[in-house]
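Asks: Given the coordinates of chain B, work out where chain S should sit on it, guided by the hints.
There are 2 protein chains.
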Amino acid sequence: MRIGVLGAGQLGRMLALAGYPLAKSFVFYDMSGNPSAGIGNVISDPEGTQLKEFLSQVDRVTYEFEHLPVDVAEQLAREKTVHPSPRALQVCQNREAEKTLFGELGIPTPQWKIADSAESLKAAAESLGCPVVAKSNTEGYDGKGQAVLKTPEDAEAAWASIGHPRLMVEKFVDFSREVSMIAVRAEDGQLAFYPMAENIHHEGILRYSIAPAPRLSPRIQEEAERYIKSLLNELEYVGVLTLELFETADGLVANEMAPRVHNSGHWTIEGAMTSQFENHIRAISGHPLGSTEPRGLSCMINIIGEHGDVERLLELPYAHMHLYGKGERAGRKLGHVNVLADSYDELVWRASNCVQFLPGSPEFSSSLNENDTQ
Amino acid sequence: MRIGVLGAGQLGRMLALAGYPLAKSFVFYDMSGNPSAGIGNVISDPEGTQLKEFLSQVDRVTYEFEHLPVDVAEQLAREKTVHPSPRALQVCQNREAEKTLFGELGIPTPQWKIADSAESLKAAAESLGCPVVAKSNTEGYDGKGQAVLKTPEDAEAAWASIGHPRLMVEKFVDFSREVSMIAVRAEDGQLAFYPMAENIHHEGILRYSIAPAPRLSPRIQEEAERYIKSLLNELEYVGVLTLELFETADGLVANEMAPRVHNSGHWTIEGAMTSQFENHIRAISGHPLGSTEPRGLSCMINIIGEHGDVERLLELPYAHMHLYGKGERAGRKLGHVNVLADSYDELVWRASNCVQFLPGSPEFSSSLNENDTQ
Numbered sequence: 001m002r003i004g005v006l007g008a009g010q011l012g013r014m015l016a017l018a019g020y021p022l023a024k025s026f027v028f029y030d031m032s033g034n035p036s037a038g039i040g041n042v043i044s045d046p047e048g049t050q051l052k053e054f055l056s057q058v059d060r061v062t063y064e065f066e067h068l069p070v071d072v073a074e075q076l077a078r079e080k081t082v083h084p085s086p087r088a089l090q091v092c093q094n095r096e097a098e099k100t101l102f103g104e105l106g107i108p109t110p111q112w113k114i115a116d117s118a119e120s121l122k123a124a125a126e127s128l129g130c131p132v133v134a135k136s137n138t139e140g141y142d143g144k145g146q147a148v149l150k151t152p153e154d155a156e157a158a159w160a161s162i163g164h165p166r167l168m169v170e171k172f173v174d175f176s177r178e179v180s181m182i183a184v185r186a187e188d189g190q191l192a193f194y195p196m197a198e199n200i201h202h203e204g205i206l207r208y209s210i211a212p213a214p215r216l217s218p219r220i221q222e223e224a225e226r227y228i229k230s231l232l233n234e235l236e237y238v239g240v241l242t243l244e245l246f247e248t249a250d251g252l253v254a255n256e257m258a259p260r261v262h263n264s265g266h267w268t269i270e271g272a273m274t275s276q277f278e279n280h281i282r283a284i285s286g287h288p289l290g291s292t293e294p295r296g297l298s299c300m301i302n303i304i305g306e307h308g309d310v311e312r313l314l315e316l317p318y319a320h321m322h323l324y325g326k327g328e329r330a331g332r333k334l335g336h337v338n339v340l341a342d343s344y345d346e347l348v349w350r351a352s353n354c355v356q357f358l359p360g361s362p363e364f365s366s367s368l369n370e371n372d373t374q
Numbered sequence: 001m002r003i004g005v006l007g008a009g010q011l012g013r014m015l016a017l018a019g020y021p022l023a024k025s026f027v028f029y030d031m032s033g034n035p036s037a038g039i040g041n042v043i044s045d046p047e048g049t050q051l052k053e054f055l056s057q058v059d060r061v062t063y064e065f066e067h068l069p070v071d072v073a074e075q076l077a078r079e080k081t082v083h084p085s086p087r088a089l090q091v092c093q094n095r096e097a098e099k100t101l102f103g104e105l106g107i108p109t110p111q112w113k114i115a116d117s118a119e120s121l122k123a124a125a126e127s128l129g130c131p132v133v134a135k136s137n138t139e140g141y142d143g144k145g146q147a148v149l150k151t152p153e154d155a156e157a158a159w160a161s162i163g164h165p166r167l168m169v170e171k172f173v174d175f176s177r178e179v180s181m182i183a184v185r186a187e188d189g190q191l192a193f194y195p196m197a198e199n200i201h202h203e204g205i206l207r208y209s210i211a212p213a214p215r216l217s218p219r220i221q222e223e224a225e226r227y228i229k230s231l232l233n234e235l236e237y238v239g240v241l242t243l244e245l246f247e248t249a250d251g252l253v254a255n256e257m258a259p260r261v262h263n264s265g266h267w268t269i270e271g272a273m274t275s276q277f278e279n280h281i282r283a284i285s286g287h288p289l290g291s292t293e294p295r296g297l298s299c300m301i302n303i304i305g306e307h308g309d310v311e312r313l314l315e316l317p318y319a320h321m322h323l324y325g326k327g328e329r330a331g332r333k334l335g336h337v338n339v340l341a342d343s344y345d346e347l348v349w350r351a352s353n354c355v356q357f358l359p360g361s362p363e364f365s366s367s368l369n370e371n372d373t374q
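Chain order of the listed sequences is B and S. Counting in UniProt numbering, the first sequence runs without a single skipped number right up to 374 at its last residue. Counting in UniProt numbering, the second sequence runs without a single skipped number right up to 374 at its last residue.
Chain B with its partners taken away, still in its complex shape (with noise of 0.2 Å):
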């Protein structure tokens, strides 16, 4: 089966590693002029002049970022099968259609507002109380087109900064951490849910996960499923679905969803007895689900900017080198290692050890730090 996969970056790349074993092609179609996939076959076409030759190439289409035009994925999804759905495409580039889902489905959300104007953007500030974080409704990502206001008075500014038309407002979050819940549902509507990870971001960048999630209670983990399982079945989704959250004294609430394979989950390679790549390809052609059981404990350390000391790190015995092939650019990401332990304490360890290699990383930190481990 040829898979075609629109987008040509790392989550391509990592794709096609997985599901070349299970007798896949791939066909990638770049709109950036910039593919790094690496492999398979790229059709680079940052004028849009070769939809029609990518599929005529491919059996199936998903693909690895979600910032692409619905009436394109629509386009290719009146040929050919389009997984996840182009409906999914949608929500999830329309955080005011998100939240709203959201809400239908019972799943906690931050308080928001919608503001079209500085004065309605102001208003929306005082009425769910400062600090609040506006967000560009729609085309954001990555912390861009974001500001965060706090006091009302703010909102001029903010507004002016973003430059957007319509903006979704948030009410700030007290909560004790970030986790992702990652699932996959299968054609004929089989689910399996990844055990949850906490993530670390730092300055708007994802550097560290951890995952099964440290003292993770079998109800949070409930509850994420839960949530997720009302998402994939009300999208009638096919693939894999990531839901980011935030853990907090009263639960979960979602922050926003990711409808691909994510950062957040590339642990699942040698962390899990099958990878969220290799159930995203065996989701999208048709195949039965594998197994998401966890495979010991894993630390997810992003390569962003520099390679640093590769040689050092392929050393550590615990390490798995993951690199996307790429040139060092500040903020970039160029690739992840993976680190297993036995033990938090272990992983917590082995992690901060492999940090040293990579300058410019924050320090190791994750809620491991703030109590004993275990």
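All the given hints hold, so there is nothing to weed out.
Listed next, the stretches of chain B that the computed footprint assigns to chain S, with coverage defined by at least 3 CB atoms under 8 Å from CB atoms of chain S:
(1) 277-288
(2) 291-300
Beta-carbon label-pair distances, calculated as ranges:
(3) E203/B <-> S56/S: 39 to 49 Å
(4) E363/S <-> P218/B: 36 to 46 Å
(5) E79/B <-> R78/S: 46 to 56 Å
(6) N369/B <-> S230/S: 41 to 51 Å
(7) D309/B <-> T49/S: 39 to 49 Å
(8) S127/S <-> R312/B: 53 to 63 Å
(9) K80/S <-> R312/B: 21 to 31 Å
(10) N369/B <-> Q190/S: 26 to 36 Å
(11) K80/S <-> Q356/B: 30 to 40 Å
(12) P218/B <-> S56/S: 50 to 60 Å
(13) Q356/B <-> S230/S: 31 to 41 Å
(14) E53/S <-> E311/B: 29 to 39 Å
(15) E203/B <-> R332/S: 45 to 55 Å
(16) S217/S <-> D309/B: 36 to 46 Å
One side only, chain S facing chain B, incomplete, derived with CB under 10 Å:
(17) E278
(18) L289
(19) H307
(20) M321
(21) K326
(22) G335
I should point out that these hints are in silico values taken from the structure, not numbers from a laboratory. Using N, Cα and C, we set each Cβ at its ideal position, and we do this for glycine too.
Replies: What follows is chain S alone, placed relative to chain B:
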């Protein structure tokens, strides 16, 4: 780094799948006219006119099969680093040279003699004591170019059937099982050894490998490590080397070696901290080696001739599917399934469960069937 692989079959494919995450790219040079790697850049050149072009596209050269003219390897080695060295290739292509080296290094072999006529074959059979096996001294592999002599009188027919001017004649070894030792040597001489596998053949083709081999005594593992270490160092070898052995009441007896990753090491993909493929790529690229520690118990099941019921196999949570993207043909290696378990009892049950979905597979049997399992 651009890795050039001589040969373009499933071993090359799996080398590439392991090498991309280390930021390597791959060019395959196929001389068969029937490449199956299905990944990387394949130069198919049955006429042998594009070797220069191949060399211009790569930084280092390795191979996935040893039946390559040594003068071609030497020619390549004058222009690019070739690992393992042409000398290793030469020894592995010549049974007399191989057994002579084994003897020099104190590695036990079956008693053997060289025959260069029907008469000397008869004399060898008489002197060694039948049964003996006669094999073409060069070129033969996978049971081709071989004949068994039950009495010296079979010599004339055997000589005619093999049709080769120089034969290796070996006395039968009374062995309890077939095992293999896979080891890797880095450019700086660093060594790493996998736990030995027990190998079960059927009609001359490997069907199952169990690793670590059941009831593997540390003494036997150390004996095999000592043997392969002497070969690796003597040949100044860089990369993965495989030594096939018989386990007998008196210890190990070497059968033959292969200067490459090996079917009996496919279990390492999920079953070891670092796969044989990744370790070969690390070695030939000048990197430090990865850990060869096993992750639980593994059974590798070859998929031969027909794919069987892939969907049912994909349903099994302990089975990892590795398909080579090849068409079905009697006797052809189409893929393998790696089964994981925590006890040998469970491993046998799980492997047997897989085998029912692979028509044409011999019933699962190993040394574990002979006695009670642990």
